[in-house]
Every structure is written in C-alpha cells, then in structure tokens.
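Colleague: If you want the building blocks of each chain, they are given just below.
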Amino acid sequence: MKSKTANLFYFIPYSLWLFLFVVAPVALILYNSFLDINHHFTLANYTTFFKSGTYLMMTLNSLWYALLITLVTLLISYPTAYLLSHLKHKQLWLLLIILPTWINLLLKAYAFIGIFNQTGVANQFLSFIGVGPQQLLFTNFSFIFVATYIQIPFMIMPIFNAMEDLNQSYINASHDLGATNWQTFRRVIWPMTLPGVKAGVQTVFIPSLSLFMLTRLIGGNKVITLGTAIEEHFLITMNWGMGSTIGVVLIVAMVIIMVLTGDAKSRGGFQK
Amino acid sequence: MTKRFKFSNLYLLVVFIILYAPILFLIAFSFSEGDSMSHFQGFTLSHYSALLRDSRLIIIVLQTLLIALLSSLFATIIGTLGALGINQTSRTITRNTILSFNNILIVSPDVIIGASFLIFFTALQLPLGFSTVLLSHIAFSIPIVVLMVLPKLRELGTSMVSAAADLGATNWQILSKIVFPFITPGILSGFFMALTYSLDDFAVTFFVTGNGFSTLSVEIYSRARQGISLEINALSGVLFVFSLLLVVGYYFLNQYQQSRKLKRTTREEDIL
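So the protein sequences, as listed, match chains A and B. Residue 236 in the working numbering is what sits at position 236 of the first sequence, and the numbering runs on without skipping anything. Residue 1229 in the working numbering is what sits at position 229 of the second sequence, and the numbering runs on without skipping anything.
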C-alpha cells in the first residue's frame, strides 16, 4: 500500500519518544540498580534490600498502607458510584465529583495541614464535643485520611462507568425471577461491575505506593512508602543505585498488581 | 421506599461535603485577617493583593502556564501522529505491543517516571531546568493523547478512507479532508487532558527541575513545608476559579461533540 511511507513518517517522532522516554528510562533504572555509589557494578543493592529487615519492613508497610487506602476508598466509592448512577443529571453530578481532582494535590494536602494542626478546625471540634485536642497531623491516621480523600474520585469514575454499562433489564430479570436485593447484588450487580472495581483498584493502589509528598507534609515522615524511600535516595542521600533498586521493586509490585487486576477494560475519566 | 431514598441522598450529601469542605475551607480563609487557618478574623482582601505583588510567584505561574501550553501542544502533535501510525499497523500483535508500551507511562507511579527521567537527563548531561521539565511533560502527556485520538480513528473506520483513495485522493487530501476533521474532537480532548496533566504534575517536575526553575506545584510544596501562609490560600482561590472555568469549558466541549454526533446520526438516518 502507498500509505507505507506515510506510516513511517507518522512513526518517526512517536517511536523516538517510545524509545527515548519509555524504553531508555526503564532500562536505565534497571541498569542503575546494579551500580554502587561509585558507579561500579554490584549486586550489593539487592542483597542490602533483601537482607536488611528495614527495607523489607518498609516495603511491607508501604503495601499495607496502600491496601488500607484502597480498601477504605473502595468502601466509600462503591455505594457513591451506585447511587450516582441512579440520579437524574448524573453526568453533571459526576463532573462535580471530578472537579476536586482538578485542584492541585499539594493545595489539598496544604488544606489538611490547616484542618488537622494543633489549633485547627478538627481539634476545635474535638474540644467542642469534649474529647479534647489530639495530635492529628503527622500521624498514620492523617496520612490514610488524606490519601483516601485524594483518591476517592479516581475510584468513583471507573465504577460509575461500569454501572452505566450495566443493563437495567438484568436487574429487573433477577428480581422477576425471585432474587432478593442481596442476591441480585451478589450475583448480578457486583460481578458485572467488577471490571470497574478492578480498574479503580489499579488507579488507586499503584499511586498510593508512591505518595511521597503526603508522607512528608501530612505523615510527618512517620510513614515511609516506597515512593518516599525513592525520593530520599535520589534527591537527598544521592544514592541512585539503592534508589533504583527500590524503583525496580516498585515496578515489580506494579506489574503484579496489573496482572492481578488484569482485563480491566473500563477506564476512568471522561472517555464515556 | 421514600425513607431509603432519603438515606441514599444523605450518603451522597456527606460524600460531597467531604470532597468539597477542605477546598472551601482553604478558600474561606483566604479572606481572613490574621495569619493562621484556625480562627476566621474578619474579611480582608489583603492576601490577594499580597499575591499580586509577589513577583516571584507571578513569574512561577507564567512559567507553569508556558510549560503546560508548550508541552500539551507538542504532545498533541506527536501523540496524534503516533495514533495515526498505530491505527495503520495491520498486525494485531504489533499494535498491542505498541499500545502496552504506550501505557507504561500512564500506569507508572510518578516517582518512577521522575527518577528514571532524572537518570536519563543526567546521562545525556542535560542541565536540569526549563528544558528538562518541558521534555518530561511532553513525554508523560503523549500516551494520553494517543488514547484519546485512537478511538476516534477506529470510529472513522476504513471505508471512507478507501473510498477517497479509490476516487483518486492523495494521502494529504485524505488526511486533511477526511481524517483530521473527523478526529478533531479526540485531538482537542487529548490536548485538554495533556494540559491538566501538566498543570497537576508535582512529582515528576520535582525530580527533574533544577535550582533555578520552579513550577507552581513545586513552589506550593516548598512553601507548605514552611508552614501556613494565607497567601497560598489566596492562590488556591484563584486556581479554584481557574479550574472551574476549565471544567466548564471541557463540559461544553463534550456536549458540543455529543450534539454533533447526534446531528450526524440523524443526518445519516435522513439519507437512509
């Protein structure tokens, strides 16, 4: 076909990008993970990672927090998406759910510094109901709370899309055949919206492993996620080899999650 | 029945309050005298005027906008060409391989993208600053443009293009008279998404920006680490109005596309 040459022409800038900014960086991070601080080839980073309990604990901790954040987000988002999909003007309501994601993440984190600090609104409320002021900022609770707050819209979007794809007549059929509400939910609604849930878990879990700005601003460095460790090694201690090793671990974790939540077709966002 | 309905509305109301309270809280205190976010102390616009006099911040805002516009423009061009190329590949395996490479940057955690780009730019001995930030933003915006344009190309199908080719249209005529007019909505959505990606990004920029150059997110981060300054609240007020405008713009763009689609289908029905 004559479009062969045209095809090649389209592909030059794109494949250049593919090679320079996708393949090369991944290869470089893999390569760097085998270098020590003096740029000599070594396996030491990996042995340090797997032998010292600190790194393994940190990884498990990070996975645990990401899991907690994902679960809480899912628990709040699934009913929200379900109820939203039954509203009039639902596209407009969905837009209102999405709007907060357009506010810069750092500003939202900053708002919580104001809300959670010693004299902040949350503590004023706690004093008012008689509990008395608590240390809220720089705790694990505040980290999970803020991370969940930030992730909720990203979970609602794909589940909402899956709800939209769900044909109402299946639900009617299930009711007509005598299923209870719970049975309908368990056998019809949940399995048919599962792709949306998987997509949501994917979009929430992976970033939750790397929210280093939140651990710094809100978590007060008490929670160390994989992302915090990478940032620390790259920008503060300048040990790029170790940082890359943690990066490789993060990539592996990401791939595992992708495989586990595979065949997630409905993606979030405005595509609908 | 009516009781359950009310309960579900209450649930949605709570979710919306949780989503919006921190943002409104932030903006409310931008009008407060004093310098903390704990007690509202009378209305003032002084933080807004301080914002206007802060020339460092204004320069950073302009830099952020410049980066966003330039990077989305380049990403849109390269991404659209890439989508055209991908659309023309005849073998499914090739196409799927390219697409999975395309999606790597979308699913990767920001920290990994930032760290690997940092290694990459250092290996190339590029000085960190405006150019590296711009290149990174172009790089992580390209895949989303591809994902926005590709469905439009699939929708277009092959019959129109082959018909045009049979009737003797040149490649350029096919592109400019058939393909581009049809996929323009996808290209615009892609540009828009690239714009928001760029404006929102913190982690990648944080890694690849040097000392001399800063974007808004990075600046907010460093100011938030120093504690509360109501000038940031004023800034968030301005940004909230700005994102509101962007969202409304995007909503109308979507509505316009849908009404055009509707018109087209009714026209086709008329012809039939």
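Rather than coming from a laboratory, the hints here were simulated on the basis of the structure. As the structure is a prediction and not an experimental result, all values here were calculated from the model. Treat each hint with caution, since some may be false.
[As the list claims (entries may be wrong)] Heads up, incomplete: computed chain B residues facing chain A, CB under 7 Å, no partners named:
{"#": "1", "residue": "S1038"}
{"#": "2", "residue": "F1040"}
{"#": "3", "residue": "G1042"}
{"#": "4", "residue": "F1130"}
{"#": "5", "residue": "A1139"}
{"#": "6", "residue": "S1217"}
{"#": "7", "residue": "I1232"}
Even glycine gets a Cβ: it sits at the ideal position worked out from N, Cα and C.
Colleague: Determine for every hint whether it applies to the structure shown.
Modeller: Status of each hint after checking the structure:
With a cut of 7 Å, the hint placing S1038(B) at the interface with chain A holds, because the nearest CB-to-CB distance is about 4 Å. For F1040(B), the shortest C-beta to C-beta distance to chain A is roughly 10 Å, which exceeds 7 Å, and the interface hint is violated. Of the supplied interface hints, the one on G1042(B) is violated, with its beta-carbon coming no nearer than about 18 Å to a beta-carbon of chain A, more than 7 Å. The criterion of a C-beta within 7 Å of any C-beta in chain A is not met by F1130(B), whose closest approach is roughly 17 Å, and the hint is violated.
Given hint, A1139(B) at the interface with chain A, holds; its Cβ is 4 Å from that chain's nearest Cβ, closer than 7 Å. Here the hint on S1217(B) is kept, as its CB sits about 5 Å from the closest CB of chain A, short of 7 Å. The beta carbon of I1232(B) comes within 6 Å of a beta carbon in chain A, closer than 7 Å, and the hint placing it at the interface holds.
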